[in-house]
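Peer 1: The primary structure of each chain is shown beneath.
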Amino acid sequence: METLFYIAAAVTVLATLRVITHVHAVHALLYLVVALIALALIFYLLGAQFAAALEIIIYGGAIMVLFIFVVMLLGPLAVEQERTWLTPGTWVGPGILALVLLGEVGYLIAVGDHLPVTVSEARQKGVSIALYGPYIIGVELASMLLLPGLIGAYHLGRRVSKESR
Amino acid sequence: MISLLWLIPALPLAGFLVLALFGGRFTRQQVAWVGCGSVGTAAFTTALVGWEFFQGFPDHESYHQTLWNWIDTSGLTVGVSWYLDALSLLMVAVITGIGFLIHLYSAEYMAGDEGYARFFAYMNLFVAAMLTLVLADNLLLLYLGWEGVGLCSYLLIGFWYREPEYGTAAQKAFIVTRIGDTAFAIGLFILFTQLKSLSIQQVQSLATEAWPVGSNLATIVAVLFLIGAVGKSAQLPLQVWLPDAMAGPTPVSALIHAATMVTAGVYLIARMHHLFALAPLVQEVIAVIGLATLLLAATSALVQQDIKRVLAYSTMSQIGYMFLALGVGAWSAALFHFLTHSCFKALLFLAAGSVIKSLHHEQNIFWMGGLRRHLPWTFWTFLIGAAAMSGIPLITSGFYSKDWILWSVWSSPLSHRWIWYGALLGAMLTGLYSFRLIFRVFFGEVRTQPTGEPGLAMRVPLVVLAFLALTVGFLEMPHTLGNVTLFSQYLSHALPTMELLPGMDESSETREQLAVTVSALLGIGLAAILFLPGSNFSRRGADLSTGRPLVTLLQSGWGFDRLYDRACVRPWFLLTRNPGELLDRGYEWLTVGAESCHRWMSHTQTGHVRWYAATVVVGTLVLLGLFAM
Amino acid sequence: MLSTPALVLAMMLFSLGLVGLLSRRNILYMLLSLEIMLNAASLAFIAGGARWGQVDGEIMFLFILTLAAAEVSVALGIVLQLSYRFHTLDVDAFSEMKG
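Protein chains in written order, with this note's numbering: chain C, 18 to 182; chain X, -17 to 611; chain F, 236 to 334.
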């Protein structure tokens, strides 16, 4: 189980690295799908089976399909231009920032106290009950968020916009 | 029926709301119907309530009605609640009754004015505020009415707002009365912090228990309330606003600056008489203020040239009599003079308005004359008003009320003999200036051709008020003459009766009355000698003409305006001018600093999404770093 | 037992997403990096839930999922509009501010 976790973790990190460095949008998307599936495996290993399924269906499926649609709508992307934008110099600053962040959080995790993990076996029932019990207001808010998302996407996605620049 | 009490202030308020919201769309006739109707129905309701009140009187001395809780916090509960007793019923009756007559008069007087709906809206609001003042059960609600009438006074003095002078007069009235109102408010704060209550009845019983007679707190609160009353009632030293307040339309002067609002101070002192009884020193001050004001105003009224200013000074003088009566503890006498004064002074103002209207808004009495034959209705009603004001014996109401005051001053243990002599001199001066007006305006040759008598809507109030000015006095007649005590019996349930000095009997009262009669007649006689056209003095044109220093001093109301200008206004301007710029510099630095900060910060707003994201990350790093430490 | 390494993994993914967000100029890649960061946050929640044996972590994941769906649909609409108007996906070109 631990081996499985580390393999999945390695796959996730590598695929993510490829996502942020790739110059070809469709390739990057495929790498992201791979990373998401590996992440779903990790969810599963952590005992969150429902979350793992949703990760694959919604993230790996629906959201990525959206991205691919948009990439197709945008037409041929200039790969050469992408390559010129990705000079090594642009990596230095963000890389340092991210390293510092990683170091800080790693330190916080390292100094934190460690309690034994207790993974309860049948959690999905609990999730559902909690979701429609104490978190019902969150569900309502989520639905209120999705509706403007729908309307916003419809409005913004129209090709001809009436207002001029 | 008595439960309809809430309607009395509500009706004029409703009239105000209707006129303020829809007045622009109404025709003039509709405006007049709404404006007069609301006050008229309020007067009718007052009659119903008063009838019911008298049915239960004197077993039920007061009636209490709470509408809703206005403020309810811990330690402070203030309700919108009305309190009706003999005193407030008297005030309500005068306000609605005379108020209705004046509204009726205004319907014709203001007919040609473009701000017709605005005028009636303000007038209705005023009546509502004044009724709130007199019916209030607690001091906070009373204060609401108190400020409300101040606001309406301001709005109506500056009614013709296109004239800058009138606006200045309105501001002057507002600011000067504000001084008194501030003192009044501080008095309220002290009362509340000391006694934890604002209910008028409760406060007074608590104060009587908690404070001994002459204690410091009682004196301080009484002084603060007195300053409030002095400001509102235009008494010394806050009297300067009233003559200028005549800038407003004449019905406004009649209603606000003669019959009702300026007597609010008298009402306040009478309402809080338990408190003032705890501070005998302040009571003495009230008497002295009353006397000083009545003499000062009477002498100023002698030389004024504007008919309305004469009446304004006479109002101050008559309210001085009321304060004098309050000061010597003759509460009922003060209220009786209030009642008669409201009738005859409203009458005088309305008659003066009729004169002014027929002379194309000419107010200078030197351009008037000989109107007796042209305006007979106005002449006779004005004559009755002037006779009542100067106190012509036996037939006028003014005689009975003024005689009661003077008799109280004579016989009160709180008074001094010299105060009585001063008041007697005032009675003579009253006759002098009242009949100076009569002789100047209605006798002699015609100087400005009048347009003719006013119409019915103006004539009816004049006649009704003239009738009242003659007959109201019969409610209370002295022991020596008829011995009618209806009024004092009625008020004795709300106000304490005055104790007499020992040794005051009928013969001394008769002597005192003779003195009053003689002084009033002497004043009128002197007026006839000095001002009746055809007399020696008059022919020489010596109507205390301008130019002489004493006359100039009197005309300016003893120079109080100049004094305040020198003592307060100019030093203040001087103080604000030079150091003011220094202060300004501090604020200028603030704006300069803010501007440069803004310019500096605006560089961060690049519009580059990645720059924003990077700043968010840096911020997160800093926070996390602090956390890790 | 796996939650600490999962937390470290979440942090690594988050940092990678951050690097991508800051270094890429193409708005599409920035959105992808944003998705990575959101996933890292979800992972952290799931790991926390597993660590304490509570369901709240998964519920937070569900909310993040909802948020991501809404965000992506609106953001992609914006991307389309921007490409119509500016004929490029370079975020630095979108700035019209003077600052």
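These are computed hints drawn from the structure, not numbers from a lab.
Just so it is clear, CB atoms sit at the ideal spot from N, CA and C, and this is done for glycine as well.
Errors might be hidden in some of the hints.
Footprint (simulated), chain C over chain F, 3 or more residues, beta carbon under 8 Å [claimed, not checked]: (1) 245 to 257; (2) 263 to 277; (3) 298 to 307; (4) 316 to 327.
Computed Cβ-Cβ distance ranges for the label pairs, DEER-style [to be verified]: (5) F/320 <-> X/3: 48 to 56 Å; (6) X/584 <-> C/85: 38 to 46 Å; (7) F/320 <-> X/602: 45 to 53 Å.
Peer 1: Tell me, which hint numbers fail for this structure?
Peer 2: Failing hint: just 7.
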